[in-house]
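K.L.:
Given next are the chains, with one letter for each unit.
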Amino acid sequence: MLKSFIKATFRSLTKNKAYSFLNIFGLAIGIACASLIFLWVENEVNYDSTHLKKDRIYLARENQKYDTYIFTHSSTPGVMGPAIQAELPGIANTCRSNEGTESLLFGAGDKPVFANGKYVEPSFFSIFTLPFVQGNPATAFKQLRSVVITQKTAKKFFGNEKNVLGKSIRVDNKQDYIVTGVLKDIPANSTIQFEWLMPFQIYWDKSPWLKSWGNNSLSTFIELKPGINPETLNKQLYGFIQKREPSSLGRVFLFSMNDWHLYDDFKDGFKTGGGQIEYVKLFTVIAWIILFIACINFMNLATARSEKRAREVGVRKVLGAGKGSLAMQFIGEAVFMSVMAAFFAVIIIALVLPAFNTLVQKQLVAGFDNPYHIIGLVAITLTCGLIAGSYPSLYLSSFNPVAVLKGLKLKDSGAAYIRKGLVVMQFTASVILIISTIIVYQQIQHVKSRQLGFNKDKLLEISLQGDMAKNFNAIKLDLLNTGYIQSVALSDHEIIYGGNNTSGLTWDGKPPGSEVLISQRYITPDFFDATGLKLIDGRNLTAMDTNSKPIAMIITQSMAKLMGKGSAVGKRVHGERDTTSAVVVGVVNDYVYGNMYGKPDPVMFFSTDPVHTTMMYVRIKAQKGIESSLTAVQDVLKRDNPAYPFNYRFVDDQFNQMFQSEMLVSRLSRVFSALAIIISCLGLFGLAAYTAERRVKEIGIRKVLGASVSGLAGLLSKDFLQLVIISCVIAFPVAYWVMQGWLKGYQYHIEIHWWVFLVSGLAAMFIAVATISFQAIKAALSNPVKSLRSE
Amino acid sequence: MIKITNLEKFYRTEEVETIALNKLTMEVNTGEFVAIMGPSGCGKSTLLNILGMLDDPDEGSYVFNGIEVAHFNERKRADLRKHNIGFVFQSFNLIDELTVFENVELPLIYTGVTASERVKRVEEVLDKMQIMHRRNHYPQQLSGGQQQRVAIARAVVNKPKLILADEPTGNLDSSNGNDVMELLTDLNEQGTTIIMVTHSEHDARYSHRIIRLLDGQTVMENIMV
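Chains A and B supply the protein sequences, listed in that same order.
With UniProt numbering as the guide, the letters of the first sequence map in order to residues 1 to 791.
With UniProt numbering as the guide, the letters of the second sequence map in order to residues 1 to 225.
Looking at chain A on its own, in the form it has when it is part of the complex (with noise of 0.2 Å):
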């Protein structure tokens, strides 16, 4: 029974190629593009799944109340771990280390280079999973000067030497360092990223601040022991800082390792279920909806065509084929099918993964060899063929024989409604996807021409490595030589990302128990030329006030109006806890910083000494081209600074970066709504030729009596015409309900325009049309001789 399905549904294929063509390529780019998704998806969910402690491993977080919002950070006083490791029960070990990364220059052949990594207590092998290739955890941190490297490290600094072990290394050009031990590589898809690890004792030392309970810089990695509930912990976490520092806002509390890379978003002091997770759900949404649109295609095509297939249906009904053999056949069928697109879908996705992986930017591997992907494209293609076959099986293998072999016209009104209703699903999901690739690429620019407050174009930073600091007065005077700099400064952060910050500040007329976080920079006095913020009242630090008693600062606007009505030059800040004193001497305006949709913070702006400093900022003249003046700045260091290579960075492409999951959103939404319309489009064109066909005769008759060709071409178009006009309005509610969901997650966002809709209808109807029209023109301008003849 089975040979004699397949040699059927086979022979049917070959017979009606366009229709298989249709069919089979849709469900292909369909399945392809549902794989695509659910590689990224798997890439997501399996974070640190690496790691085999993962369910018992914490980061210790913190809540600060301030006045209007808890903020939720995520280091920790550099003294906590060893004192709540010893203390409460339940704690397997913990580990200190610097918050994030930093880059030091490795100097171990002729090129020294850049490498980022992080200082860990030894403790930082056994709770995180770090394969050793070469030495073992034990030995790793016997002594102070040694660092291990990643596999991918040892070849950036080592080339292709095999046994590194022993090597010794020169870091910043000023001490050496024994590599210790190289570490397996660490998958791209963890949270825990590095190049080197050094023993935390050397952070440590050069770190004084740490030892304060007030002071919060590290991360606190905890291991807890097995069968320990975390909320149990957490009621001993809670007031843990306040025993020792009475005055600390911190309220510590675990944040588990399965939810760092999902679930990583708070509010209020509470994790909101959001994050990244967002996205992967998002994403499988459109997958199987891209599916079902494929799927869709299937069922119309397969009902459409369905007189052809009644006599055999009726035939075989005769022979003594039941209901359920029938059903299982046209099933069968669509699996059939599916299991051949299945098979172009895996040549796609071959051909098209490098470039998915550029738009993703992810190393996704298809891993045909994998158990997990081959179930899974089983399972993708076996739901397809399902879907696909479920409806047509049950309508066609209804047909009642007696009527079907008399050549009975098949009373369609039931089939017709449900293709319809298909075909308006289809498009209603087209026409949002278009709707909100729309707004997404909107909000994006929106953000991007944000005014920020500062000029981050021709703006350049450069990290200050070696001597740079010490010697930045000839420097700065060698660069504005060169003709194509306009000026440079100083700064202790990044002026794009938030950096350190205080809440233990009070002034005159400041509500008594009121907590404002403030941020603080360090700053030469041309940082605001070289940046582009502007003096809106009193005047500017001078090198005179980096000493100076009170402390001369500047104040951004937002913090003026902390400070209360008229002018804030002359105000006075002081330390709650200690008798520093601050006089406000100016106030620039208010710039966004750290969080690009957010509103700008209050700042303060101190005066020092270059060697306090960490970034150089260089502000290349207006009218001045972009790569002779880096080779200008280039040559200038090269002299100035020879033991280190020039690297540098513009302020605007780090502001780009900051959009990263908003520009995937944007360029995936691209691309979901293009095969979208595509797959729909590929369906209403086959469905356009078989209505064609069936009013064959009625068009010959209306042409005998004198229809016009864009008369009959308009009528046939005529009919989906309405059905994307229904899709639209079913739509436009929709997208503008789901979109202004979106918006919302954003204090800095655009209103959506009416317009919008509207060209994304007629763009819809476009295409439609345009897809309708080529077989409606062929239909009308066939000779009508022909058509009635064949009655």
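One or more hints might be untrue.
[Claimed, not checked] Partial list, computed: chain B residues near chain A (C-beta under 8 Å):
#1 Asn49
#2 Leu54
#3 Asp55
#4 Ala78
#5 Lys82
#6 Asn93
#7 Ile95
#8 Glu97
#9 Leu106
#10 Pro107
#11 Ile109
#12 Tyr110
#13 Thr111
Source of the hints: derived by calculation from the structure; they are not laboratory data.
Given the structure is predicted, the values throughout are model-derived calculations rather than measurements.
Quick reminder that beta carbons are idealized off the backbone N, C-alpha and C, glycines included.
Based on the hints, put chain B in the right spot on chain A.
P.N.:
What follows is chain B alone, placed relative to chain A:
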């Protein structure tokens, strides 16, 4: 073999109710060759469809081989049908996507005959119908006469007790038509009961008995000598 009593069948549209069979009563014995004649719309095809259990009557009784089948559900009817009844149509109704061999094999598949047995039986019947040399051709590659031979081969391959033929020569020229009638006569002589609907007096003369219908009722029965 067949006994129908007071059989009624109506067709309803929104406004009109048409009576296709009007309290029809008739009997067909095993081994008989019966021709049913009458003008268009007299109920011939409706009767044949009910006899073939493709359709069910609205009223009355239909006893097939001693079993009352008038109100059998579709599954039971299909089961009875595939083991007992073969069909021959005016328009042959072969499946275009299957070869001659596969078309003939189809009823055997639905009755669950094993593959080796199927090959044997299909070859046997193709041989008998003298179309063995065409076994791998598709229906559209055959002449009308050949297609009807294939259809008859398909109807008899399961060795049914009853063959229902709906104007089997309607689409054929007279020479091919005569061949088909000879084939049916041979089958009847070997013991198969045949009921044939026809417009042709010539074809009807091959039968033992002619039942003439008008407006869903028997108006005359001729016994052939």
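K.L.:
Check each numbered hint from earlier against the structure, then list the numbers of those it violates in ascending order.
P.N.:
No hint contradicted; all consistent.
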